[in-house]
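Student: Below, each chain spelled out in residue letters.
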Amino acid sequence: MDALAEQSPTPQPRGDKFATNIVHFARTLRTAGLRVGPGQVLRAIEAVEAAGLSKRDDFYWTLHSVFVNRRDQREIFDQAFHVYWRNPRLLEKMMEMLLPQVGVPEQDNRKQLSRRLQDALQPGQGEAPKADENEPPEVEVEATFTVSDREVLQKRDFEQMSQSEIDEAIRAISRLRLPVPERRTRRYRPARRGPRIDFRASLRRALRPEGLIELRKREPRRRPPPLVILCDISGSMARYTRMFLHFMHAITNDRDRVYCFTFGTRLNNVTRALRYRDVDIALAKASSQVEDWSGGTRIGQAIHEFNNKWSRRVLGQGAVVLLITDGLDREGAAGLAEEMERLHKSCARLIWLNPLLRYGGYEPKSQGNKAILPHVDEFRPVHNLESLGGLIAALDFKTHAADRRLAGWQTELRTQLRGE
Amino acid sequence: MSSSKPASIDATVELLKAGDYIADRSLATVLYLALKLGRPLFCEGEAGVGKTEIAKVLAATLKRPLIRLQCYEGLDVSSAVYEWNYSRQMIEIRLAEAQGVSDRRELESNIFDERFLIRRPLLEALQPHTEGAPILLIDELDRTDEPFEAYLLEVLSDFQVTIPELGTIKAAQTPIVIITSNRTREIHDALKRRCFYHWVDYPDLKRELEILKVKAPGASERLSRQVVGFVQELRKLDLFKSPGVAESIDWATALSELNALDLDPKTINDTLGILLKYQDDIQRMQGSEAADILRKVKADIAAQPLG
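Here the protein sequences line up with chains F and S, keeping their order. Using the working numbering, read the first sequence as starting at 35 and increasing by one per residue. Using the working numbering, read the second sequence as starting at 592 and increasing by one per residue.
These are calculated hints, taken from the structure and not from any lab test. One should not assume that every hint holds.
Stated by the list, open to error - In silico DSS-like links for lysine-lysine, alpha-carbon gap of 27 Å or less:
id, chain 1, residue 1, chain 2, residue 2
1, S, K654, S, K608
2, F, K343, S, K783
3, S, K832, F, K343
4, S, K596, S, K761
Remember, it's a predicted structure, so these values are computed and weren't measured experimentally.
Extracted from the complex, chain F is given alone in its bound form (with noise of 0.2 Å):
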């Protein structure tokens, strides 16, 4: 409140220079990433007044209940409301200070948007080759495809692709679209033949003057699941990763409920940053969100996470879940298959899309492979576009066929338990 005194010695909340200071203070909270709007602060200037001022503690609560919309919000709302009263025009100092730089990273991003639009005018000659991607020279492939190549294309493995095999790999997978593999909902729709009578239609249609009344049916609707994709981006997949970020950001951008998350050694959930349309915007901003590239992998830890903090945030209404992981953990697979089983058990379909099943002798060796594999619904191999495409196969419930070598070594794995 002292603080609150010292910048507007009469308490008099209309006055312009309290506005002014709300406004400021809203424009902070959108710098450090909130989203907060004119309409906002409108309301956060109304509402004060509503509060009135005599305490320090009323007023934060007053603007927390206008600004933050969501609890990951409350931190950084805490941080600038603690900064700004105290003293704005400290803060404002350290803003002015701070704008250049906050600036920089649109230009970065035009710069490469300038690029990008070059490569596109003349292709092949804005190329500049990439630090961290190693291109083996001995391939040399038409920049160019024929029919048959895209078909070589297909069968071949992200692993062995060269640079510019990858680029025509991630122009595929942009062009993927999953069908819809829809399910019934608990709504209707007006339907020529459908199950249940509508009573309203039919009732409109029996003010006609033709006398009878003639009976409107409906049927349920049909709505695809929400999607939830758990990538590994450890050091055994890194090779796979670019091609998954791709695969992502083509899913979320078309349809909607798709949740995606990467996991490592932690969890994290890229959702928002993979929603931008533009590809080169979202995997920036998806990888700088995420600390753990290719380092180790905690299959256990982060799926205990997933469990924990989001699975009944987002597994709701019939969720199908991806789970992209060779499989490979770090930890020997410590509490994997509780997790796993918790997983299975709170979502309606796990598909688990592992790059290693490629090998025609794969077996369940490893212990973390050992612990997924009982508790799934599908076990697909995922290292080409093939396969990317064969997930389509996978996702529609209709035309799904029972896994004869995923139920033989589940039965397996099943026997094993139980001897132990």
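We have chain F; now place chain S onto it with these hints.
Tutor: Structure of chain S alone, referenced to chain F:
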């Protein structure tokens, strides 16, 4: 006769207290603002922290009717807002035919008349009530799907409902709206922006003790202290579902019914099902871990006697 809305934040705290609801200052502030400015209050928080209770207490203390809309997947306009009474409409048509009414326009206005309208909670909340503006509780909004959420936008920003056959119905008095969510999915920002947001947290030790004093008066002071200490420790652990306030109240009540005066590991083991609702959590707590926590709690109490 209804009581008037509280005139200050302090009055709001007192009002809730009169309804046996021990609120912290932050909740009282938000609630006061929501009441004063006539905007919905959006309460989010874990299960069992007293979100729904806010609306009930408010209805009881302000003496307003409580209209509750429990949300579920597939909730649609015909069960949330209004529905036409089809069978009565059919009869009306037959009668009209028998009387030889041939003017179709007249027939239509006869059939789609307010007499045949069945009011569901949202529409009911917009009707005039003699006791004053009602309290509309939209419970567990996260259980519905996005289409219904979008529908709510019109209702919550303008407090009006559009029925194609009748026109737009505006609220007689702005109802007091309280929305709760357990966060089983994120509610869209557009809806949240129209509300005052509040995250209902677990209470701290002092407040939880006060709550138990009011809600579980049978439990002795000593027992309550131990119960609260134990529950507060449990919440620090990484459990799948931490016990809420509702659970501590239940537990304290159950223990006092069992004539327990003092917590001991065996009693805890026997009654753990009241606190924890997941088998893994119970399994983890059974045995030595519960005993360890209890020892710590008792040591804390000994070091810091009541006061």
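Student: Against each hint, give a clear statement of whether it holds in the structure.
Tutor: To see whether the hints hold, each was checked on the structure:
For the hint pairing S:K654 with S:K608, the CA-to-CA distance comes to about 15 Å; that is within 27 Å, so the pair holds. Between F:K343 and S:K783 the alpha-carbon distance is near 21 Å, which keeps this suggested pair within the 27 Å criterion. For a cut-off of 27 Å, the pair hint linking S:K832 to F:K343 stands: about 10 Å separates their Cα positions. Proximity of S:K596 to S:K761 is assessed by CA-CA distance (about 22 Å); at most 27 Å being required, the pair is judged to hold.
The structure shown violates none of the earlier numbered hints.
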